[in-house]
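Colleague: Just so you know, the sequences run in chain order A and B.
All residue numbers for the first sequence refer to our numbering, where the first residue is 12 and numbers rise by one.
All residue numbers for the second sequence refer to our numbering, where the first residue is 52 and numbers rise by one.
Everything labelled a hint here was simulated from the structure, so no lab data went into it.
Be a bit skeptical, because a hint or two may be false.
Said to hold, decoys possible - Think about it this way: if two alpha-carbon atoms lie no more than 35 Å apart in a straight line, the pair counts; the simulated DSBU-like pairs of lysine-lysine are:
#1 Lys222(A) - Lys210(A)
#2 Lys829(B) - Lys207(A)
#3 Lys755(B) - Lys879(B)
#4 Lys658(B) - Lys198(A)
#5 Lys658(B) - Lys141(A)
#6 Lys879(B) - Lys215(A)
#7 Lys658(B) - Lys829(B)
#8 Lys34(A) - Lys104(B)
#9 Lys33(A) - Lys104(B)
#10 Lys829(B) - Lys306(B)
#11 Lys33(A) - Lys410(B)
#12 Lys496(B) - Lys567(B)
#13 Lys658(B) - Lys34(A)
#14 Lys829(B) - Lys104(B)
#15 Lys290(B) - Lys104(B)
#16 Lys509(B) - Lys198(A)
#17 Lys95(B) - Lys829(B)
#18 Lys34(A) - Lys306(B)
#19 Lys210(A) - Lys879(B)
#20 Lys404(B) - Lys388(B)
#21 Lys34(A) - Lys496(B)
#22 Lys799(B) - Lys639(B)
#23 Lys658(B) - Lys207(A)
#24 Lys766(B) - Lys198(A)
#25 Lys290(B) - Lys1036(B)
#26 Lys536(B) - Lys288(B)
#27 Lys879(B) - Lys207(A)
#28 Lys768(B) - Lys207(A)
#29 Lys33(A) - Lys536(B)
#30 Lys34(A) - Lys509(B)
#31 Lys146(A) - Lys658(B)
#32 Lys567(B) - Lys288(B)
#33 Lys766(B) - Lys1040(B)
#34 Lys78(B) - Lys812(B)
#35 Lys34(A) - Lys799(B)
#36 Lys210(A) - Lys829(B)
#37 Lys682(B) - Lys812(B)
#38 Lys33(A) - Lys799(B)
All values derive from a computational prediction rather than experimental measurement.
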Amino acid sequence: MRVKIISTILIAGTLLMSACQKKVLDLQSFSQQSDESAFANADACQLSMYGVYDACQSGFYAGGAVRGYPFGAASISQADMRGEDMLNQAAFYQITYEATYNNASANNQYMFETIYAMVNKANLVIDGVKGAGSKSIISSATALQYEAECRFLRAMGHHELVLHLSYPFTQDNGNAMGVIYRDFAIKDASTAETAKAIKRSTVKVSDTYAKILADLDFAETNLPATPVVNTSGVAIKTFRASKAAAIALKMRVKMHKGDWAGVIAEGNKLVPASAPFVSPIGGWTLNATVDGSFSTTTSNESIFSIRNDATDNPGVNGALPQMLGDPALGARGLVRVSPIIWSDPAWLCDDLRRTALYRTSGSPVNAVFTVKYRDYTNSSDPAPMIRYAEVILMLAEAEARNAAGTSVSARGLALLNAIRNRAVTNVADQFTAASFADKNALIAAILFERRVEFLAEGKRWGDISRLANDANFAPIAGGGVPSKVGSGGATSAMFNCAGATFTRSVPALAYSNFRFLWPVPLSEIQQNANYDQNPGY
Amino acid sequence: MRKLYLLLMGVVFFASQAMAQRTITGKVTDDNGAPLANISVLVKGTTVGTSTKADGTYSLNVPANGRTLVFSSVDMLTVEVSIGAKTSIDATLLKEDKTMQEVVVVGYGTQRKKEATAAISKIDPTNIAPLVSPSIDKQLGGRTPGLNVTNPSGLVNQPPRIRIRGVNSVGGDRSPLIVLDGVPISSGGFAGFTNDNLLANINPADIESIEVLKDGSATAIFGSQGANGVLMITTKKGKTGRQNFNYSSTFGFSKPLNRFDLLNAQEFVTIANAKLAAASLANGAFMNSENTNTDWQDVVFRPTSQASTHNLALDGGNEKTTYFLSFNYRYQEGLVKTNTTENYNIRANFEHKVNRWLKITNNITLSRGFDKDQNNGGNALSGSIAAALRALPNVRLFNTTLPQFDNYNILPDGSALGRDANTRTIENNYVNIGYVLAKNKFRSKKHRIINNFAIEIKPASWLTSTTKFAIDYITLDEFLRQDAKHGDGRSVLGRVTNQAANSMSWVGQQYINANKTFGKHNVNATVGIEARNSEFNSFSASGTNVADAFFQQQNVISGSYVTQLSGGGYSQGPGFFSYFGRANYDFKSRYFLQLSFRRDGLSRFAKENRFGNFPGGSIGWRVSQEDFWAKSLGKVINEFKVRASLARVGNTGIPGGSFPFLNFYGLSPYGAISGISASQSGNADLQWETSDKLDIGFDMSLFKDRITIVFDYYKNKNNGLVFAVPQPPSLGVPGNQIFQNVGNMENKGFELALNFAVVRKRDFNWDLGFNYTNQKNKLLSLPNGNDIVVSNGTGNYNVQRVGQPLNALYGYQYVGVNSSNGNPVYRKADGTLLMGNITNSSYFSIADQNSATIGSAGSLASADRQILGSALPTYFGGITNTVRVKQFTVDMLFRFSGGNKIMNITRQESLLNQGFMNNGTEILQRWQKPGDVTTVPRLWYNRDNFTNLNQQASTRFIEKGDFFRMDNLSVNYEVPSALLSRLFKNSVKSFRFLLQAQNLFVITDYTGIDPDNIDERGLDYNTIPPARTISFGVNIGF
């Protein structure tokens, strides 16, 4: 009897335990899905497409934090901090501001890493939607549109990289070392090996630019002219790539090449010969007021911006309103407006932008903050990438430069005035053809207008880079970054629209200094000897 | 014929003796004079014997030829007394700890230590239990070789880092498996908003013994969970035949062992203005009219932190049923004002023999933990230490004109610490930490049930079947509040968050033990199966832009905030299933052989790679049992055993989450638009990470166990280490990594434990213990042989390099300050010198350190970084000293460690910062004028990155980590039992007083706050100092 009971218990126990094996070992994930299911239906394809935009908005930073890398806010803050018109107030952006970065500096490293991470996500989606299109999971038109969006973002990413890591196209006509262009999906060991075999030393700036333009041509062809709608039928507009965005980005890329005829050709697709300037593609136009693009984030001027929302944004350590806003409004005020631009008499005292887009504090003024980004509590401001105003000023510059001889381009002037007269309403202060001695005077005015109009929008580095080899318009003689006001060095009396004196304690960085270029991060160098480092690092 | 004769002689002899018996009486007591029951009293060489009664007395009829009485008990040292003409013989028995006779708990059973062939150390928790400590694990350091315990900070609720025989995984789990009463339990921390320690749920006073299983033979039975060693914790059970009721209590007071040396207000003004002047900026620091000199460490630290414990335990039983019940309350305040930990633990152990063959046991722990914390971020603006080190000393804590901030001194817009007379605001908007600590709350409440139910069936006397089922259920309820006006919550106008999490882990075991003796052959075998799984879920609700601080006090309150945020997650596993077996064989208790085998399946691998096989074996030889030994050396060396083991074990705690073998797409919302994107590149070929462990050692006892020596040489070779193999970021692979089995690492060294019973007398005992571990860690191979630079989130101070120890410190060679211009000088890899010109942040070659002539432009490139030292200690150990004189016992523990280097980031980034922030006193030695010889370069406002090479290591900030410290001193007074019985008429059995001091001193050259408070990469960044604690306790037994 006893033996029977015991053996029954033992056998039952053992069987029960053995039955567990499958249950215990065959587990499932409920928080991530397999890569196959990511393109298994139309909804999944669309989710994957938004995932690439997310990679632009909220890439990783050290330890996984979201700080707006690469395009959420980081590209804007960094490009401003490399220039002289915005003032670094604290140690936060000190490395970038004073160009003391090395190959381990986090800010440079994560720009590099998050851009390439976004690019590969784009490449994976290109493969995925092509497959879904061929299986009729989505229409071929939709597949092409997604592919075009991916290629647009991929081009934008590579252009940002080449701006920071390579000498400008204007040096030796693009013969300097470019950046490796990732144009195929890396998803397994063999594709990884193929990618690793590409040597940066064989890639010229002109090669990178050629691929960027090829992607943008494809994007222009296949992107919709009218804003995309989301699943609920609401126009997403500004927050997804459109045909006009691709054309505008092409203008920027060609401007960096110095291909003025190209800029004009692209610009003519978006800008009519004469006012009113309303784009025939997409209906983009200038807002009536100087702050229209910032009071309404999806205005008709905002061709492309990276979206942020209260539930998903770069937070207190990255969001534009937090970084740039006035502490009196709850922000951190780490990046302010420098007296270099604020006290430049060329920026007229009654320019409406001074009051509509900036706040001053102290009397006399001891700090100036932008209010372009204003959701200090929820950080939902988008990161502006392309405004119609940029299209207008790029075209203006191209027309001005392309004018015959030393003549002052009438169209260039009209386009400049379209932007400037929105802010300078006093007719006596407005430019006429007589205001300019020659074409160079007009170009200089356009370049200055860019500094004012795009202040705090991260356009300054691009101009410093592309103008470095420009004998007439280099920011400093021989090219380079102009000297700056010392960090946190702003005190009262430095800010005066009629001009002020102040010390520029951060020395200029000559074009010949190796730190004009960013380093390739150590994380890359160590794992990939083929990604050649820039000299000096 | 000869045999028969002998037999006859024996009978006659016995018969003649039997006629001349006499009675001997006496009393057996322990070394404190307390009576001992159930002690065996035997006439040597015969079967004549009895055992003592409850009052310790005995009476025995001794044959006339009986010459010696033997007093013995399982856990006591045997005493022999010659009878002579005596009629009354009393004996004192000493507890038999630290000897070869004891029983050790091994996986799925117990073994006599003398039979063990594995490297197992036993820690007696008796001296540890009364210490003021938030958890037992914090007190295990220095007590046994091979076990290294480091407290990463002085926070009372932060789990210590426990390592057995070094670091045995690169990317995976390195903590030992914790086994409570035979069943693995969760350890480490669980909470999100605070630190917490799951081992604080085990009452130190409930612990009967702690075994440290170190080599492969000991851990092989745990198979894939044994790579990092095993800590086996066994709790107390009731004992048959007597009831005990015990109450103990301790009260303690703590202060920081060390504080940071910061500038006073006047010094700060001088230094801050000097930094600004160098950068051509106007003076910014000024003394205010009150000449304020605030010590911000006083704002952050409690003047005195308190701790108290109460412990009630009841145990007893009869032949059939035994029970043990305890209630434990512990409260301890950290040094930082908001840091506390509070634990309530109830434990009930119950054991019942249903009949001859069936026994049921159940052990349950119910516990509640309540932790409070603060932002401890090393570079967080509201980080308690970070802010205290950087806050301006010439600024007041309070400003009575600011009622909106409860009179704390804060800039009117709430963005930063107030300025007072300064014309600048503190760098980076560091906060008034006084306000933040007063307002912000970080709390976690945790409830936990650990239940362990077992059925033991004995089909035959030599066969036992055990079925165990255990659960470990943890539920967490957390609350976080950040004030809207100042600090971390200001940017979102106040934040309030609740978070809940539940974790349920279960383990089922079924195993059979067979134990049989055939003549001189003893065989003991175990076979079984084990299954484990767990489930975890969490969710949070959070609001920002809070209506009013009133609604932010205890919980999220509906409608009190504008922006609503929520989150959550769910996961299962890892699931675990295994078959195991072990066989022990010994011949004449002299030759031992043990073989074990385990086959483990883990859900974290692809189906075809799921199972791993883990064999182990060991041999032992008790040389001292051999005749030749007994005749010669035996008188001096009474016990000598040599042993050797070799085994392969695995590591279940590999990196890579639950499914490192799968390609995943994870959620990637684009603002408020849902999205998914590639989140993991899986590796279907991923295999078990294994560790081949070799151990050769001996156990030796001299002069009748007066001196015991245990020596082990060990070598662990870790194979197929699972690495998050870094991918070039330009490939854009998710996380820039793919998990692969590609590395090999080796840990080797030796361990020595020496115990010396210097004096062993009735009223005077003196025991000395010494243990020493030497360990060497070396990476043998890495993916593609490439270096892997390790980021700690903010910087890169370490590297993984073949031939170097794990996490080797890596950086630049600092030569010193150029005395003619005050610039830092470095040595490049090629040996040439490079001076960093602070004025323009550029490097120039220089002929010698102090040369005034500057050479051509150069750069400090990554190729100039060199290995600067090992982050891991190469030796550590402890010294124990116990002296008992009559009723007084004095116990001391010293601990030492060294051979490692520490990267002192606190010095680099906090104490020597160049911003408008306070500094440590070292900055007073700055270079000021040509000819100054110093190690601190000239000042320049905000040139930190250039002057100090922030985010990178340099020899300027690398320091030796060697230390020798006195961890504990306790004085224990036991009231004599005679006095007790006079005072309390036998109602009180024992009464002890304790006076203890912990962390008395540390001897070190390290200039940081404490060389023990570093992370495993050898980094010290704004950690909270350890506490020196004085405590007083009582222990009453009824």
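Colleague: Give a verdict on every hint.
Modeller: A quick look at each hint next to the structure:
no.: 1; hint: Lys222(A) - Lys210(A); in the structure: holds, 16 Å
no.: 2; hint: Lys829(B) - Lys207(A); in the structure: holds, 29 Å
no.: 3; hint: Lys755(B) - Lys879(B); in the structure: violated, 61 Å
no.: 4; hint: Lys658(B) - Lys198(A); in the structure: holds, 21 Å
no.: 5; hint: Lys658(B) - Lys141(A); in the structure: holds, 31 Å
no.: 6; hint: Lys879(B) - Lys215(A); in the structure: holds, 31 Å
no.: 7; hint: Lys658(B) - Lys829(B); in the structure: holds, 32 Å
no.: 8; hint: Lys34(A) - Lys104(B); in the structure: violated, 55 Å
no.: 9; hint: Lys33(A) - Lys104(B); in the structure: violated, 56 Å
no.: 10; hint: Lys829(B) - Lys306(B); in the structure: violated, 39 Å
no.: 11; hint: Lys33(A) - Lys410(B); in the structure: holds, 30 Å
no.: 12; hint: Lys496(B) - Lys567(B); in the structure: violated, 50 Å
no.: 13; hint: Lys658(B) - Lys34(A); in the structure: holds, 13 Å
no.: 14; hint: Lys829(B) - Lys104(B); in the structure: violated, 59 Å
no.: 15; hint: Lys290(B) - Lys104(B); in the structure: holds, 15 Å
no.: 16; hint: Lys509(B) - Lys198(A); in the structure: violated, 57 Å
no.: 17; hint: Lys95(B) - Lys829(B); in the structure: violated, 55 Å
no.: 18; hint: Lys34(A) - Lys306(B); in the structure: violated, 52 Å
no.: 19; hint: Lys210(A) - Lys879(B); in the structure: holds, 28 Å
no.: 20; hint: Lys404(B) - Lys388(B); in the structure: violated, 51 Å
no.: 21; hint: Lys34(A) - Lys496(B); in the structure: holds, 32 Å
no.: 22; hint: Lys799(B) - Lys639(B); in the structure: holds, 33 Å
no.: 23; hint: Lys658(B) - Lys207(A); in the structure: holds, 31 Å
no.: 24; hint: Lys766(B) - Lys198(A); in the structure: violated, 39 Å
no.: 25; hint: Lys290(B) - Lys1036(B); in the structure: holds, 24 Å
no.: 26; hint: Lys536(B) - Lys288(B); in the structure: violated, 54 Å
no.: 27; hint: Lys879(B) - Lys207(A); in the structure: holds, 30 Å
no.: 28; hint: Lys768(B) - Lys207(A); in the structure: holds, 32 Å
no.: 29; hint: Lys33(A) - Lys536(B); in the structure: violated, 54 Å
no.: 30; hint: Lys34(A) - Lys509(B); in the structure: holds, 30 Å
no.: 31; hint: Lys146(A) - Lys658(B); in the structure: holds, 30 Å
no.: 32; hint: Lys567(B) - Lys288(B); in the structure: holds, 26 Å
no.: 33; hint: Lys766(B) - Lys1040(B); in the structure: violated, 49 Å
no.: 34; hint: Lys78(B) - Lys812(B); in the structure: holds, 18 Å
no.: 35; hint: Lys34(A) - Lys799(B); in the structure: violated, 39 Å
no.: 36; hint: Lys210(A) - Lys829(B); in the structure: holds, 33 Å
no.: 37; hint: Lys682(B) - Lys812(B); in the structure: holds, 28 Å
no.: 38; hint: Lys33(A) - Lys799(B); in the structure: violated, 38 Å
Comparing the model with each earlier hint shows violations of hints 3, 8, 9, 10, 12, 14, 16, 17, 18, 20, 24, 26, 29, 33, 35 and 38; every other hint is respected.
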